[in-house]
Amino acid sequence: MAVDGINHKLLESYRAVSAEIETALADRGALGISPGQASALLLIDRSGVRLSDLALRAGISKQAMMEMVDALEQGGSVRRKSDPADARAKVVRLTARGSRQRAEARRAVTTVEGRLRRRLGERRYEQLKQTLSDMASGEE
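Each residue of the sequence shown is one higher than the one before, starting from 1 at the first, in the numbering used here.
Simulated from the structure, these hints should not be mistaken for laboratory data. It cannot be assumed that every hint is accurate.
[Stated by the list, open to error] Restricting the straight-line Cα-Cα distance to at most 30 Å, the calculated cross-link-like pairs of lysine-lysine (DSS-like) are:
id: 1; residue 1: K62; residue 2: K9
id: 2; residue 1: K129; residue 2: K90
id: 3; residue 1: K129; residue 2: K62
id: 4; residue 1: K62; residue 2: K81
id: 5; residue 1: K9; residue 2: K90
[Said to hold, decoys possible] Cβ-Cβ distance ranges computed for the label pairs, FRET-style:
id: 6; residue 1: A16; residue 2: K62; range: 20 to 30 Å
id: 7; residue 1: I6; residue 2: A96; range: 36 to 46 Å
id: 8; residue 1: R97; residue 2: S52; range: 17 to 27 Å
id: 9; residue 1: R119; residue 2: R50; range: 17 to 27 Å
id: 10; residue 1: D86; residue 2: S13; range: 31 to 41 Å
id: 11; residue 1: D86; residue 2: T23; range: 39 to 49 Å
Because the structure is a prediction, the values reported are computed rather than measured. All C-beta atoms in this analysis are idealised placements derived from N, C-alpha and C, irrespective of residue type, glycine included.
Could you put the whole structure together from the sequences, leaning on the hints where they help?
In structure tokens:
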């Protein structure tokens, strides 16, 4: 992979933003969760969400999401309950701790995005968001 290639630049940017979010989480006392776990917490509805739907929302495999939910459950952030609509399925729900962590995660992400917006300026920030959305959609 070329150091000046788009893949490398995207990876560098992802790592830099993740590090900023991790610092913002730590500053807010949301210790014990990674930026990825914070993202997962932000995707869980108040009523809960099935693991498969959570994986789909996050854009990762069910196996990867299961590992993340296992870690969040061990940390007391979420719990799994039987889905009343389908006894075979489990619904992931936030605990009180997870709700607090989600609120802190939302504030941390907002803080980091605000810094990026100021650093890039409004126009470039909005262009970047649109460019990344276009890339993610895969449309030409």
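Here's how the hints hold up against the structure:
1. Using a Cα cut-off of 30 Å, the hinted pair K62 and K9 holds, with the two alpha carbons roughly 28 Å apart.
2. For a cut-off of 30 Å, the pair hint linking K129 to K90 is broken: about 34 Å separates their Cα positions.
3. This hinted pair checks out: K129 and K62 have alpha carbons roughly 27 Å apart, not beyond 30 Å.
4. For a cut-off of 30 Å, the pair hint linking K62 to K81 stands: about 17 Å separates their Cα positions.
5. For the hint linking K9 to K90, the alpha-carbon distance of about 38 Å lies beyond 30 Å, and the restraint is violated.
6. Checked against the given bound of 20 to 30 Å, the beta carbons of A16 and K62, roughly 29 Å apart, stay inside it.
7. At roughly 42 Å, the beta-carbon separation of I6 and A96 lies within the given 36 to 46 Å, and the hint holds.
8. The beta-carbon spacing between R97 and S52, approximately 24 Å, falls within the hinted interval of 17 to 27 Å.
9. Between R119 and R50 the beta carbon distance is about 38 Å. The supplied range of 17 to 27 Å is therefore violated.
10. For the pair D86 and S13, the beta carbons lie near 39 Å from each other, so the given range of 31 to 41 Å is met.
11. The hint said 39 to 49 Å for the Cβ distance between D86 and T23, and at roughly 40 Å that hint holds.
The structure fails hints 2, 5, 9 (numbered hints given earlier, in ascending order).
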